[in-house]
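Engineer: Given next are the chains, with one letter for each unit.
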Amino acid sequence: MTADLPLLVERARDGDSSAFAELTRRHFRAVFATTLAVLGNAADAEDVAQEAMLVAFERLNSCREPARFSGWLRQIARNLALNHLTARKRRRDDSSQEIPSREPPSPVAGTRQRLLAALAKLSEREREVVLLHDLHGWTHPELAEALGISEVMSRQLLFVARKQMRGALSDFAVEESP
Amino acid sequence: MNEPIDFSSLDPTTDAGFDQRVAEIARRASVKGVRPTLMTQVAMLWRFAVVGTAGAAIACWAAAAIRQPPIQPSASDALLAWAAHDDDASRATLLGSLEVRDER
Chain A
1 MTADLPLLVE RARDGDSSAF AELTRRHFRA VFATTLAVLG NAADAEDVAQ
51 EAMLVAFERL NSCREPARFS GWLRQIARNL ALNHLTARKR RRDDSSQEIP
101 SREPPSPVAG TRQRLLAALA KLSEREREVV LLHDLHGWTH PELAEALGIS
151 EVMSRQLLFV ARKQMRGALS DFAVEESP
Chain B
1 MNEPIDFSSL DPTTDAGFDQ RVAEIARRAS VKGVRPTLMT QVAMLWRFAV
51 VGTAGAAIAC WAAAAIRQPP IQPSASDALL AWAAHDDDAS RATLLGSLEV
101 RDER
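Protein chains in written order, with our numbering: chain A, 1 to 178; chain B, 1 to 104.
No lab work stands behind these hints: they were computed from the structure. Beta carbons are placed, not taken as given, at the ideal position from N, Cα and C, and that holds for glycine. Incorrect hints may appear among the rest.
[To be verified] If you only want the chain A side, here are some residues facing chain B, beta carbon under 7 Å, derived:
id	residue
1	5
2	7
3	11
4	21
5	25
6	29
7	139
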């Protein structure tokens with residue numbers, strides 16, 4: 001799957017629209033996992049992930065190693081998410097103007113909210129590891145290389161993150177039961 | 001205990017609108033295009049500067065050539081012509097070639 005990545009990146013450099021689409025299909029989930037780990041808000045994370053894809057395509061000539069496109073893209077996504085987080089903190093004073101939804105949450109929306117609330121209890125690095133591993137399917141060697149940590153540390157972070165998430169999710173289940 | 005967490009409800013790629021999102025990203029990326037690297041930009045500027053300088057030099061040379069006054073006959077030719085004809089026209093030509101004002 002990754003063998004043809006350099007070729008795909010070259011085609012995108014030449015402005016091939018289908019290559020842009022294929023790269024997006026392959027990498028959007030990993031980018032989303034990264035932005036969600038930083039932002040903790042799924043809607044914002046999707047918007048920033050989309051922006052990250054566009055920024056990456058515009059700067060594609062700066063990607064010196066097309067075989068490592070994924071890590072390069074993830075770094076762009078992380079920086080954009082951090083910028084977004086800073087801007088959001090500045091706007092926090094206006095948060096009183098937000099209108100909370102009165103719609104009862106659907107079962108899927110409820111699950112999403114519980115997952116997001118449980119993710120919020122983790123550190124950013126733990127969120128990144130658990131999302132990239134369990135949502136996107138990265139292996140520990142891939143995680144270790146991308147995050148600049150050892151494989152042992154990656155396993156440790158995943159174990160701790162899952163344990164904390166299960167604890168938080170079971171707490172929510174107890175709170176919601178009559 | 002260490003089983004994967006089910007994040008499928010958070011997966012944006014399973015949303016109904018994901019294909020539309022992919023198409024939108026590809027469309028916008030195609031419109032924006034891939035920006036050249038800094039080195040490419042410098043090389044392009046350099047080429048522009050070289051071609052521009054050469055063009056300006058050629059233009060200046062052409063302008064100077066157009067504005068150049070008609071070639072005056074040399075003083076010796078004018079002297080010979082005056083000696084042969086001894087008329088006002090050949091005398092004026094001789095004085096002109098010597099850049100002397102006719103005070104006659």
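Engineer: Each hint needs a verdict: does it hold in this structure or not?
Structural biologist: Cross-check of the supplied hints:
| no. | hint | result |
| --- | --- | --- |
| 1 | 5 | violated, 16 Å |
| 2 | 7 | violated, 16 Å |
| 3 | 11 | violated, 11 Å |
| 4 | 21 | holds, 4 Å |
| 5 | 25 | holds, 6 Å |
| 6 | 29 | holds, 5 Å |
| 7 | 139 | violated, 13 Å |
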